[in-house]
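Peer 1: Spelled out from the first residue to the last, the chains are:
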Amino acid sequence: MILQAAWKNFCRQGLRAILNVLVAALTLVVAVFMVSLVNGFQDQSSKNLKKTDVAGGHYRLAEFDILSPTEWEDFVFVTPPELKKMSSDEKAEVLVQQGQLFPQNRFIPAQIRGIDLEQSLLELPLGSLKSYKGDSIPAIIGTKMAKKSNLNKGDFVVLKWRDKYGAVDAREIEIIETVRFVNPRLNDGVVWLGLKTLRDMTRRENESSWVTVKSNQGEIKELSFLVPDVLMKDVIELAKHDRRNSMIMWIILMVLCCISVFNSQMLNAFKRQKEAGTLLALGMTPGQLTKMFVLEGSFTAVGAVVLAFVLGIPFFSWFQTVGLDISHLKDSTIPVTENIRLVFDPKQIVNCLLTATLMIVFASWLPARKISRIDPSRALVGKAF
Amino acid sequence: MNRKGALRVPQDKLRAERKMNMLSNHKIRSVVVTIFLGISFFSFQNSYAQEIDPWKLLKAVDDNLWSNTKIISGRLSVDNGRRVRTMSVDTWMEGLENSYSFYKSPAREKGTQMLKIQNKLWLFTPRTDRKILIAGHLLRQSMMGSDLSYEDMLEDRKMSLSYDVILEKWEDVDGVRAAVLYLTAKDKEITYQSRRVWVEAKEQVVLKEERYAKSGKLLKRVTFEEYKDYSGRLFPKRMIFRDMLKNDTKTIYHFDEIQFDKDIPKKYFRQSILKR
Numbered sequence: 001m002i003l004q005a006a007w008k009n010f011c012r013q014g015l016r017a018i019l020n021v022l023v024a025a026l027t028l029v030v031a032v033f034m035v036s037l038v039n040g041f042q043d044q045s046s047k048n049l050k051k052t053d054v055a056g057g058h059y060r061l062a063e064f065d066i067l068s069p070t071e072w073e074d075f076v077f078v079t080p081p082e083l084k085k086m087s088s089d090e091k092a093e094v095l096v097q098q099g100q101l102f103p104q105n106r107f108i109p110a111q112i113r114g115i116d117l118e119q120s121l122l123e124l125p126l127g128s129l130k131s132y133k134g135d136s137i138p139a140i141i142g143t144k145m146a147k148k149s150n151l152n153k154g155d156f157v158v159l160k161w162r163d164k165y166g167a168v169d170a171r172e173i174e175i176i177e178t179v180r181f182v183n184p185r186l187n188d189g190v191v192w193l194g195l196k197t198l199r200d201m202t203r204r205e206n207e208s209s210w211v212t213v214k215s216n217q218g219e220i221k222e223l224s225f226l227v228p229d230v231l232m233k234d235v236i237e238l239a240k241h242d243r244r245n246s247m248i249m250w251i252i253l254m255v256l257c258c259i260s261v262f263n264s265q266m267l268n269a270f271k272r273q274k275e276a277g278t279l280l281a282l283g284m285t286p287g288q289l290t291k292m293f294v295l296e297g298s299f300t301a302v303g304a305v306v307l308a309f310v311l312g313i314p315f316f317s318w319f320q321t322v323g324l325d326i327s328h329l330k331d332s333t334i335p336v337t338e339n340i341r342l343v344f345d346p347k348q349i350v351n352c353l354l355t356a357t358l359m360i361v362f363a364s365w366l367p368a369r370k371i372s373r374i375d376p377s378r379a380l381v382g383k384a385f
Numbered sequence: 001m002n003r004k005g006a007l008r009v010p011q012d013k014l015r016a017e018r019k020m021n022m023l024s025n026h027k028i029r030s031v032v033v034t035i036f037l038g039i040s041f042f043s044f045q046n047s048y049a050q051e052i053d054p055w056k057l058l059k060a061v062d063d064n065l066w067s068n069t070k071i072i073s074g075r076l077s078v079d080n081g082r083r084v085r086t087m088s089v090d091t092w093m094e095g096l097e098n099s100y101s102f103y104k105s106p107a108r109e110k111g112t113q114m115l116k117i118q119n120k121l122w123l124f125t126p127r128t129d130r131k132i133l134i135a136g137h138l139l140r141q142s143m144m145g146s147d148l149s150y151e152d153m154l155e156d157r158k159m160s161l162s163y164d165v166i167l168e169k170w171e172d173v174d175g176v177r178a179a180v181l182y183l184t185a186k187d188k189e190i191t192y193q194s195r196r197v198w199v200e201a202k203e204q205v206v207l208k209e210e211r212y213a214k215s216g217k218l219l220k221r222v223t224f225e226e227y228k229d230y231s232g233r234l235f236p237k238r239m240i241f242r243d244m245l246k247n248d249t250k251t252i253y254h255f256d257e258i259q260f261d262k263d264i265p266k267k268y269f270r271q272s273i274l275k276r
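Protein chains in written order, with my numbering: chain A, 1 to 385; chain B, 1 to 276.
Note that these hints are calculated values from the structure, not bench results.
One or more of the hints may lead you astray.
[Stated by the list, open to error] What the simulated footprint calls covered on chain B by chain A, stretch by stretch (three residues with Cβ under 8 Å from a Cβ of chain A suffice, anywhere in the stretch; the number is not a length):
1) 90-99
2) 130-143
3) 186-200
4) 237-247
We treat Cβ as the ideally placed atom computed from N, Cα and C, and that holds for glycine.
Chain A extracted, bound-state conformation (with noise of 0.2 Å):
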């Protein structure tokens, strides 16, 4: 009886009901969203980052910091037995060097970076370097260096490098290909040789900064293996604040919705004090009118899911299909060129639909606490508040 009663009571509400319900659906639509496009960002930037550059962790000296240009050259170690005899497809040795680049004789400082030509556990386009025939030191530099250093293919560059032991060397490299690299991180700033040159030009042979794998191979003397997630720390803590900013997002949305819905529920229980009075006089316990009361708000909870569900699949199925442009933030280190698509947690998502359903019940449970507690007989004449 009591069910139906709200329910009757709901619909009478009309507009205003139907405003609070579109309020709190788009309010859940928004979350789902923001969660999701975190989500998605996350993923793709894993993605990228793993079929670019970590894989499956990292062995290199535990000192070894990519940060810190000025110490590549003291952590590098020969590459061991174990890691030597893996094959092509489950690693891949790296050597990072300092070095300077002088186009049209300009001074631009540079990371040379060589990489087994061999390996296919990375998916970098560095063909061209295999294949290359010239008499050249032949180079491939990203797009974004390109236009940093105004180079194009078949250009020649000077380098400026130090060899091992500290010798300086410069010699007049080929730009072979400028290509576009998905993780900016390989882009900017990088000169990309073949491994067997750079430890020809620096004199380190058998050396590398670090060995990529595939998975990890144990612990390996004087070595330290770094977990993906290690790896990609940064973007990990990134996708957390972005996470905790939408979260603070949704919150205030929530809140607005929550108000709209106690402030209807306040409206209800002043212009419904007559009707509230009467039932009490007739018998109604209040427990039973604040239960009627909540079933109203809380109808407006479940109408708000629902609605959540009919805005929000073709929403998002529109929107998979298009991804959110970020080409504009090309020249920053994000390592994700192409949209972003959603990636929806069940888990996350059935969270979020119970919190915004405990918020609406909890911010209608308020005012009919109120109304339980009023004299009937006041209430009858309209001056229970």
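For chain A, the structure is supplied; the task is to place chain B on it using the hints.
Peer 2: Below, chain B alone, put in the same frame as chain A:
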């Protein structure tokens, strides 16, 4: 025509023949003299070249440039192609290992100090009130935006000890005859694996120096200008450093005042001097 008449040689012809003989004798003599003078000149040149021991010459150059102590008051002008920045700096040097520099101007650099002890360099900036140790690879960075690295500035090896030297040729440098010495590093750890030095043999001073990469590519050119006698030692008034891989940049070290072999208190080469 009679027989006698046929045998007689006309007088004017004889005269002409005699004249011709005299002329050819004179020519021969001139050629001989020229050849003799030429041979003498070249043999003089060769003997001069042979007399020069390139290593001794390089050592003499080192001995002239290096002293037990040196106090220099100078200016460092850094021209990056767009603007010129001039810093005035006083430097106290002890042997090859220790040096201390104090920057006096401009206001931005005033109070900046550099202390080098052995192969370590500390930089003190009054704005941060901190001393920073510049060691290892940091020494290879550009010093105050100039064409010199800290390493170049703090070079502490005598060329005669670090390089094998040969006399390559003789060349004119701004009208001065100079021996061109080609230096090859004895040690694979030496930054510049080869150098070319133009030395005025009589005064034993460097006029020009070029530093090369291991591949032989020219990296830096240093010219030494206006040698002046500072209490018996010839020292340039200016050293101009050019990074040959860059366009339109140069760094000029002007030596305004130099004192050799003066006593320098020990406090100049202690870390405690690095303060405001």
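Peer 1: The structure should be examined with respect to each hint, and the outcome stated for every one.
Peer 2: Verification of the supplied hints:
For the stretch 90-99 of chain B, the proposed coverage by chain A is not satisfied: 0 residues have a C-beta within less than 8 Å of a C-beta in that chain, short of the threshold of three. Here the stretch 130-143 of chain B counts 5 residues with a CB under 8 Å from a CB of chain A, which clears the bar of 3, and the coverage holds. Here the stretch 186-200 of chain B counts 6 residues with a CB under 8 Å from a CB of chain A, which clears the bar of 3, and the coverage holds. Interface restraint, the stretch 237-247 of chain B with chain A: holds (3 residues with C-beta to C-beta distance below 8 Å; minimum three).
The structure fails to meet hint 1 from the earlier list, while all remaining hints are met.
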